Amino acid sequence: MRDRIFIDTNIFVYSAIKSRNKLDEIKHIQAHNLLIILL
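Counting along the sequence shown from 1, when you hit position 30 you're at 30 in the UniProt record's numbering, and nothing is skipped either side.
By construction, these hints were calculated from the structure, which means they are not laboratory data. Because the structure is a prediction, the values reported are computed rather than measured. It is possible that part of the hints are untrue.
The following label-pair restraints were derived from C-beta to C-beta distances [unchecked claim]:
#, residue 1, residue 2, range
1, Leu35, Asp8, 36 to 42 Å
2, Ile7, Leu34, 37 to 43 Å
3, Val13, Leu35, 43 to 49 Å
4, Leu35, Ile11, 32 to 38 Å
5, Ile5, Ala31, 34 to 40 Å
6, Glu25, Arg2, 33 to 39 Å
7, Leu38, Arg4, 50 to 56 Å
8, Ile17, Leu38, 29 to 35 Å
9, Asp3, Asn33, 26 to 32 Å
Quick reminder that beta carbons are idealized off the backbone N, C-alpha and C, glycines included.
Start from the sequences, fold in the hints, and give me the full structure.
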């Protein structure tokens, strides 16, 4: 039972990190597009 909770927590943390990286990627792309528009 303890292992199961541990695994679920790891999956949650992993997916949170992944979605956060996706957000950073989107922000980066948007900033890049803004730079292109400005130039």
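>> A range of 32 to 38 Å was offered for this pair. Does it hold for the Cβ distance of Leu35 and Ile11?
In response: The hinted range 32 to 38 Å holds for Leu35 and Ile11, with Cβ atoms some 36 Å apart.
> Has the hinted range 29 to 35 Å been met by the Cβ atoms of Ile17 and Leu38?
Replying inline: Cβ of Ile17 to Cβ of Leu38: about 31 Å, so the range 29 to 35 Å holds.
> Lying within 26 to 32 Å: is that true of the beta-carbon distance Asp3 to Asn33?
Replying inline: 45 Å, violated
> Cβ-Cβ distance between Ile7 and Leu34: within 37 to 43 Å?
Replying inline: 41 Å, holds
> Leu38 and Arg4, beta-carbon distance inside 50 to 56 Å?
Replying inline: 51 Å, holds
> Regarding Leu35 and Asp8, is the given constraint of 36 to 42 Å on their beta-carbon distance met?
Replying inline: Once the Cβ atoms are compared, 41 Å apart, the range 36 to 42 Å for Asp8 and Leu35 holds.
> Does the hinted range 34 to 40 Å hold for Ile5 and Ala31 at CB?
Replying inline: Holds, since Ile5 and Ala31 (Cβ atoms, about 39 Å apart) stay within the stated range.
>> Looking only at beta-carbon atoms, does the pair Val13, Leu35 fall within the given range of 43 to 49 Å?
In response: Because 33 Å falls outside the window, the suggested range is violated.
> So does Glu25 sit 33 to 39 Å from Arg2, Cβ to Cβ?
Replying inline: 35 Å, holds
Consistency note: the structure conflicts with the earlier hints numbered 3 and 9.
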